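Peer 1: One-letter residues, chain by chain:
Protein chains: 2
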Amino acid sequence: MKVLEERIRQEGLILSDTVLKVDSFLNHQVDTRLALEIGREFGRIFADEAVTKVLTIEASGIQFAMATGIALNVPFIYAKKKKAVTLSEEVYSAPVHSFTRGETYQVSVSRKYLSPSDRVLIVDDFLATGAALVGLVNIVRESGAKLAGVGCVIEKSFQEGRRLLEEMNVRVHSLARIASMSPGEIRFIEESAIHRVKETV
Amino acid sequence: MKVLEERIRQEGLILSDTVLKVDSFLNHQVDTRLALEIGREFGRIFADEAVTKVLTIEASGIQFAMATGIALNVPFIYAKKKKAVTLSEEVYSAPVHSFTRGETYQVSVSRKYLSPSDRVLIVDDFLATGAALVGLVNIVRESGAKLAGVGCVIEKSFQEGRRLLEEMNVRVHSLARIASMSPGEIRFIEESAIHRVKETV
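Chains as they are written, first to last, in the numbering used here: chain B, 1 to 201; chain Z, 1 to 201.
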């Protein structure tokens with residue numbers, strides 16, 4: 001998504017080889033129009049999946065789940081993060097290890113809102129280690145719902161998240177895929193490059 | 001807002017005289033269309049305020065700040081909650097005591113995104129004790145921005161939040177105002193009743 005890559009080049013702050021701050025337009029201050037465009041793009045990419053619900057995780061996935069829900073005209077759910085590991089009969093839950101915070105938390109979704117008749121599209125702001133997204137995939141599978149795929153706004157392709165999800169046979173689509181970065185420099189994986197790889201598989 | 005009050009009557013779970021669960025359509029699973037309507041209503045109510053930014057607090061305010069940002073065609077900001085009380089030069093912050101969790105956390109907004117030229121509308125899902133909203137009002141005032149007002153989706157009018165905000169000379173508008181509730185029963189403050197009260201002031 002060219003407009004997104006350009007915005008990342010203009011406003012993204014690369015703090016290290018792995019940390020990219022995009023809080024001027026994506027996940028603290030949010031450019032409402034860009035978020036809507038992102039939602040429309042996910043809606044277009046997953047248009048053939050007859051999605052019934054969008055699923056994300058609080059907090060920074062909410063604006064993109066909302067935008068995707070608008071585009072597909074379906075409700076969305078945001079999984080809750082809890083430190084407590086008190087499991088409840090009422091929720092689907094999965095443990096997620098946060099590498100940035102160095103702690104494991106529990107993500108949970110009420111059983112009332114996912115059922116085998118649902119077709120779920122998972123959306124999040126970042127795909128890096130994939131830890132949170134793997135947790136959400138496990139929750140969808142536990143519910144018996146069909147997983148339409150995972151849509152991420154920004155993918156750090158040099159981290160293992162995409163590989164982990166693909167090993168779970170999940171369809172993954174990221175709107176901006178970062179091949180590498182370091183302070184002052186960012187390289188995206190080009191769409192044509194992705195296509196070439198796919199054709200040789 | 002009649003459609004909202006009806007939905008609360010139909011789907012709200014009243015767990016006690018003070019706890020109302022609306023997580024089937026507002027703050028866990030979200031009815032995207034209703035959220036958009038809520039945003040349009042806030043946009044209409046504060047149309048004369050020339051709002052430049054919408055401000056809320058993570059996580060459950062995000063969908064309504066997004067919807068209001070869409071309606072007013074402006075960006076929105078969500079304040080971050082942190083347990084750590086490490087103050088930083090880079091943020092405006094305020095302590096907020098959570099009565100439900102029995103702990104005090106810090107809410108913060110990057111100084112980069114609020115300035116004296118802004119006109120800020122604060123939006124949140126619930127107005128109850130008002131603790132989080134008072135914190136956001138203080139952050140806006142510290143930034144030098146003009147505060148357009150506070151818009152809340154559901155107000156528990158029997159708690160002290162509205163009074164606290166009005167004592168700070170803040171314009172408050174809630175879309176559903178609960179006069180009282182107990183398991184099996186909920187009473188809303190009627191619009192006409194509100195008008196009568198206002199006329200006698």
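Worth double-checking, as some hints may not be accurate.
Each pair may be met inside one copy or between any two copies, as identical chains are not told apart.
[To be verified] Once the Cα atoms are required to be at most 30 Å apart in a straight line, the calculated DSS-like pairs of lysine-lysine come out as:
| hint | residue 1 | residue 2 |
| --- | --- | --- |
| 1 | K112 | K21 |
| 2 | K82 | K21 |
| 3 | K2 | K81 |
| 4 | K21 | K146 |
| 5 | K146 | K112 |
| 6 | K82 | K2 |
| 7 | K146 | K81 |
| 8 | K146 | K82 |
| 9 | K112 | K81 |
| 10 | K2 | K112 |
| 11 | K146 | K80 |
| 12 | K112 | K80 |
Simulated from the structure, these hints should not be mistaken for lab results. Just so it is clear, the structure is predicted and the values come from calculations on it, not from any experiment.
Peer 1: Enumerate the violated hints, using their earlier numbering and listing them in ascending order.
Peer 2: Checked against the structure, the hints that fail are numbers 3 and 6, while the rest are satisfied.
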